[in-house]
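Asks: Chain residues, written in single-letter form:
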Amino acid sequence: MMSNLVFLPIFIPLFFGALLVFFNKKQKVTINISFLVVLLSFGVSIFLSYHVFSDGPLILETGGWSAPYGIILVADKLSVIMILAVNVIALTAAIFALSSVTEKMVQHYFYPLFFLLIAGVSGAFLTGDLFNLFVFFEVLLMASYGLIIIGGSKHQFRESVKYILLNLFSSILFVTTVAFLYSVTGTVNMAQLGERVAQVEQQGILTGIGILLFIVFATKGALFPLYFWLPKSYIVPSPIVSALFGALLTKVGVYSMLRVFTLIFSHKLELTHTFFIWIATITMIIGVIGALSTSNVKLIIAYNIMPAIGFMLLGIGTFSAESLAGTIYYLVHDMAIKAALFFLAGLLVWHAGTSNLKKMGGYIKTAPLMGWMFFIASLILAGIPPFSGFIGKYLLLRGAMDEGYYIAAGVGLLSSLLILFSVIRIFIGAFWGELKEEPKQAVKTSGLAASVVLIAISVLLGVGAEWFYPYVQAAADSLIDPQIYIDYVLKE
Amino acid sequence: MEILMSILAGTLFAAGVYLILQKQLLKIVLGTALLSHGAHLFILTMGKLNRGKPPILIEGVKNYTDPLPQALILTSIVISFGVTSFLLVLAYRTYQSNKTDMMDQLRGTDDE
Amino acid sequence: MLHIYILIPFLAALLIGLAAKKVDRIHTGWFVLPVPAVLFILFISKLPTLAEGKIVQSVANWIPSLDIQLSFYLDGLSMLFSLLITGIGTLVVLYSIFYLSKKEQLVPFYVYLLLFMGSMLGVVLSDNVFVLYTFWEFTSISSFLLIGFWYYRERSTYGAQKSMLVTVFGGLSMLGALILLSITAETNSIRQMIANRSDIIESDLFIPILILLLIGAFTKSAQFPFHSWLPDAMEAPTPVSAYLHSATMVKAGIYLVARFSLIFSGTDVFFIIVSGVGLITLCLGSILASRQTDLKGILAYSTISQLGMIMTMLGFGTGIATLAAIFHIFNHATFKGSLFMIAGIVDHETGTRDIRRLGGLYTFMPISATLAFFGAFSMAGVPLPIFNGFLSKEMFFDSSLKLDQTSGFAGMFAEWIPWLAVIGSIFTFVYSMYLVFGTFTGKAKLDQLEKKPHEAPIGMLISPIILIGFVILIGLLPNLINESLLAPAVASVTGDYALTHLAFWHGFDNTPLHMSLLVVAVGTILALTLKRWQPIYNRVPGKFSTDRVYQSIVNGLLSFSSKFTKFYMTGSLRLYTSIILVFLVVSTSIFIYVTDGFKIAFDDLAPVTWPEVLVGFVMAVAAIATIWMTQRIAAIIVIGVVGYGLSLLFVFFRAPDLALTQLIVETITVALFLLCFAHLPKLKKSDKKPSEKLVDFVIAASTGALLTIVAISAHSSKYFESISKYFVENSYKLGGGDNIVNVILVDFRGLDTLFEIAVLGLAALGIFAMIKYRDKGDMNH
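Residue numbers (this note's numbering), protein chains in the order written: chain A, 1 to 492; chain B, 1 to 112; chain C, 1 to 781.
Source of the hints: derived by calculation from the structure; they are not laboratory data. Note that this is a predicted model, so its numbers are computed, not measured. Heads up, some of the hints might be wrong.
Subject to a maximum C-alpha distance of 30 angstroms in a straight line, what follows is the list of computed DSSO-like cross-link-like pairs (lysine-lysine) [unchecked claim]: (1) 62/B with 491/A; (2) 359/A with 563/C; (3) 733/C with 718/C; (4) 154/A with 359/A; (5) 566/C with 99/B; (6) 682/C with 99/B.
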C-alpha cells in the first residue's frame, strides 16, 4: 500500500529540527516545541505501527517514482518496530532533557541536532535504497558530530576527532562499496539487490563486497575489532547525548546488518554467517572484559554496549526465525535499557561529583530511588528473567544451541554473568557502603523520571512478552523469507 | 581504462590511508580528502567509462554514459565537503583547546 | 489455586512496601506473620488430596508463544518443600519480630523476605523449566539483598556480591542445561521431559546437560567446590541464615537434583558426580566446621556438610537412600533451624558469636542451652530414640552399605563409601559437641562479653522450642509423617510408591548401629582432645581454600581486564586505524579467496587514451607526494593537484556536472585549508622509526590494492543491466529535463538531495557553534 504516512517519522523531526535552529536563544520556547514534536512523532509512530501490523507493509515512492528507479521508503514490520523504539527513546530523552539541557546547550543547537539525529536514524530504518541508507547515515553521523562537541571541553574535542575520523573512513568505504555493488548488480534498490544477488546465487566477488559492507556496519555497530572509537567517545559528551548514542547509533549498524544480511547476502550462509558468529563471540568477551576493566561508571556502561551488540550479531549469524526474533527483541530491549543506564550513570555522576566508583559510596541513603532503579536496570541488562533482556537472550541462546553453536552460546551465558558483575559493582560500590562524601547535587527529578519510564518499559517488555513477542516473531518471519519483501517492493 | 582508473583510485586510497596513519592531525585531514577523491573515482569507474555521450539528452543520440554513478558522486561530493569542512574546524579547535595537534598526545585516560 | 499461593507473598511484599511505613508503632513483622502461616495451613489442607495419589496443578498463560507457561503442580516433593518454606517461614518471621529491633530497616527486610518466600515457592512448584529458572534467579537476588541488609558493612557487601556471583553463575549454567534439555526433549515441561527420558539419555548432549544442570544445583546448595559463598552469607541477619541459608534456599539445589532424578538417576555419570561431590562436601564441610570460631560459621560449614550428605544419598538413587534423603531434608530443617535461632539468641544476649569468648552460658540461659543440646545431639546422630537426626543418619549408613547390591559404578565403590560416611559423621559429631559444650558449659568469661547474658524473651524462644519439639516428636514417632509426607515425596523422586516402615530399633546385630557407635566413640575422643589437634588446621596452606580461589578469580579477572584493556585501548588513533584496516584487508581477502571472487575481464573496457593516463599519473604522483610534504603550502598545492586532476578526469569521462561541482568544491576546500592552516602548527617531519613506516606502508598499500582488486572484479562481473537505462529513457519524458544527472538528483532521487542539504546544514550549524560559542568555559561532562 502507498502512503505518505511513511515519510512522517522522518519529516516531523527534520522540519522541526530545522525550525528550532532559529530559536536557539529561547530555551522555554524550544523546550515546549520539542515536547510537542516528540509527542506528535510518537503518536505518528504508533499509528504507523498499527497500520503496518493490521494491513501489511506501507511503501512511499518518493517523488512518485516506483522502485527500483526512485528511492522508496518501506515501512515493514521490522522498520516500524524500530521506528516505535526510536520514538520512545526520543520521548524519554525529551523528558530527561528538561532538567539536564542547559541554556548553553540549547544555544549550541542541542535541539536541532537532536531532531536531525532522530530524522537520520528514522530514515535509516525506513529507506529501501542502499545509497539512500548511506545518505541517512551521514545525516545521523553529522548530527552526532555536532552533538558530541556540545560543551566544547578539550576531552570532547580530543575524543570526537577520533570518533569522526573512524566514522568518516567507514562512510567512505560504504559509498565505495555501494558503487561496487552497483557495478555487479546494476541497481541500488535493496529489494532488487536482494532479487538479483539471489539470481546469481551470490557468486564471484559478491561475497567479498558483502564482507566490505559488513565491515562498514560493524564499524558503526561497534563490533570486534572495530569498536575502538566507541567507549571513550561515548562518555565525553553530556549524559543525554551519551544515552542517545548508546541507544540509537550502534543500533543503526545492527539494523543495517539485519536488513542487508537477510535480504541481500544470505546465500553463502556457511561462510559469512559462521564468520559472524565468531565475531559475535569475541565481541561479547572483549566487551565485557572492557566493562570490568575500569572504575569509571560511565565507561562501564559504555563498554557494555559491545556484548549486547555481540548478542544481536549472534542471532544474525545463527539465521533462524527464532534467533532473528531474538535479535530484534534484544535490539529493542537494548535501546531502552542502554538509554536508561546512560541516564542513570549521568545522574549518578552529577550526584556524586565524580565518575570514579572508588570515590562513591552509601548513596542509597541520599538517592534511594535512583539506587533501586540502578539495581533493577542491572538485572535487566544481565538478562535476568522476567525482564526484557531475558526474552531476547533466551531466543538467541536457544537458536544458537539449536544450530549447534555451543561455544558461542556458552560465551553468551558466561558474558551474562560478567555483565551482571560489571554493573552490580556500580550498585554495590556507589549505593552500598558508608556514605563517604556528601552528594554534590540532588538527583534531577525529570532525569530520574525518564529513567523510570524506560525501566518500566523494559520490565513490561519482559513480563508482558506475550503482548510484544508475536509482532517481533512476525517481523523475524518476514526477514527469513526475503521474497516477501522483494515481491512487495517490486511487484506492486 | 577502467582497470587503470581502478588502480589510480586504489593509489589515492593508499596514499590517503598512509596519511591517516600519521600522527599529525593536519596530515590526517589531508588523508581524508584523498580518500574521498579515491572513492569518487571508484564510483565513476563502476559505471562504464567513455561509452557514449555526456548524459545530457540530445535529439537522435541513443548512447549516453551511465548517469546514476554521476548523480551518486554529486551527492557524495557535497557530503564529503561538509564533513571535511567540519573536520577542519574541529581540528583547529582541538589544537586550540588541547594545545597540540599530535595524535599521540591526544590519548586521554580513564579517570577524567 | 497454586498461582494464588505463589502470588500471595509477592502481593504482601508490595503491600508492606507501600503501607507499613505508615504504622510504625507495631513491629512490621506482625503484619508479615499471617502470610506464611496462612499459606502453611493452605498447603496442609492439600495433604489428603496427595495422600490419594493425586497431584494438584494449575496452568495460566504467560508467554504461550514461547511455551513459557505458568504451570504449577504440587506433588509429594513439592509439598515437602512448600511446607518447609511456609512452616519454617512462619517460625522465622515470628522469631525475627523479637530479634530485629524497630530501629532496623524493617520494611525492606520483610519485603526481601517475602520476595524470597514467593520465589522459593515458585521454584518448587513450577513445571515449566524456564519459570523455574526465573524463580531460581529471584531466590538468588533476594538472598543477595538479605545478605547485604546491613549494606554499610563491608563484610555484608562482600558476602552479598560473592553469593550473587556464585549462585548466578550456577543459575546461568543451569539455564544452559535447561535450554539444551528443552531442545532435546522438545518440551519445556519437567513432567514431559521425564516422559521423554530416553531422548535425553540417548542424546549426545546428555553429559553436558547433566554437568551444567548439576553446576546449578551445586552452587545453590553450596557443594564443593562452590561452597565458600555460604559462610560469607552469614553476614545476613540470623533469621535469614536460619531460613534461607539452612532450611530452604540452599536446599533448592537438592530439590533440583531430586526433581530431575527420574531423568538422570541410574546413570553412572549421575552417581559419580552427585555422590562424589556430595561425599567430598560432607567430609570437607564437617572437617572445616571444627576450626571455625564464629557460632554461625560452624553452623554454615555444618550446613554445607549436611547438604553434602543429602546430595550423596540422592546420588545413590536407591529407594532407601531417597527415603533417607527426604527424611533428612526435613530433619535438617528442624534441628539446624533451631540451632541457628539459638546462635542468634546467644549473639543477641551476649553481643558476640565468637566461641572463644563464650562458655558457661548454661547458668544464664538454661532454656536456650537445653534446646541447643537437643538440636546438636540430633545433628550429631547420637543413637537415642528422641533425635530425628539419628534416624536419618542411620538410614544413610544403611543405604551406603546396601550399595553393593546395585550394579554399575555404584557397586564398584560400595566398599569405600561407608567409610567416608563414617569419617564425615565423626567430624559432624565433633563440631556438634564443640558447638554446644564450648558455648554453654565450662567457665563463663563474663569480662569478655559486652553485656551480662540472660535468658532470651519468650517470643524468641517459641520458634526454636517448636522446632526442637519436632526433633523429639519425629525421633520418637517417625511414622507420623511417613505416609502423609515422606512417602509421596519419595514417590515423586523415584517414580514408584513404596511405603517403608521407619523403625528406630533394628537390634544390636546390625552394621549401621555399629557405625553409629564407632562415630560416637571416636567422635568423643576427638571432641575431648579438640584443643590439642585444632592447630593442625593452620598447617593447611590457605591458597588451597576455595575462598582464596574465588578471590583470586575475581581479583584476577578485574586486574586482567584492566591490563588487557589498557593494552589495546591506548587512545592511539593510529593503532585503532591500523587494526581496523588490517581486519578489513585480511578478512575481505580471505573471503575473496575462498569464494574465488577475483575476476578480471578485458572484453568490455574503454580504450586507453593518453590525456587521461597522463592526468591520472600526475594525480598519483601528487597523492603520493603529500606524504613527504613538510611545507603547508606545498601540501595544499599537491592536494589541489589531485582535486583539480579529478575534475579534469570528470571532464574526460563525460561528467560535466561533476567536473563543475568538483571544481567549485575543490576551490572552496583549498581556501578552507588555507584558512585553517594559518591557525594550525606547521607540518613536522615524521619522527617515526623505519619499522613503523614500513608497517604504515604495508597497511596503506594493501588497503589500496584490496579495493582495486574488488573494483576490478566488480567491474568484470556485470551480471545485470543497470537501472540507468530507465533514467535515460524517461528523463525527458517523465522528468522533464535534458540533463539526466540533474533530473536524477532533483527528481528520481530527490530524497538523497534533500538530506544531502540537511548534512550540509548540520555541518554549517556545527561549525558555526564551534566558532561562535567557544571559550566560554567548559560545561560539565
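Asks: Hey, residue 733/C versus residue 718/C, does the alpha-carbon distance stay inside 30 angstroms?
Replies: holds, 28 angstroms
Asks: Given the proposed pairing of residue 566/C with residue 99/B, does the C-alpha separation stay at or below 30 angstroms?
Replies: holds, 24 angstroms
Asks: Taken at face value, is the distance from the CA of residue 563/C to the CA of residue 359/A at most 30 angstroms?
Replies: Holds, because 21 angstroms separates the two Cα atoms, which is no more than 30 angstroms.
Asks: Quickly compare the C-alpha distance for residue 154/A and residue 359/A to 30 angstroms and report which way the hint goes.
Replies: Answer holds: residue 154/A to residue 359/A is near 24 angstroms, not above 30 angstroms.
Asks: Decide if the proposed pair is consistent with the structure: residue 62/B and residue 491/A, CA atoms, cutoff 30 angstroms inclusive.
Replies: Satisfied, since the Cα-Cα distance of roughly 28 angstroms is no more than 30 angstroms.
Asks: Please verify whether residue 682/C and residue 99/B have alpha carbons no more than 30 angstroms apart.
Replies: Answer holds: residue 682/C to residue 99/B is near 13 angstroms, not above 30 angstroms.
Hint violations for this structure: none, all hints satisfied.
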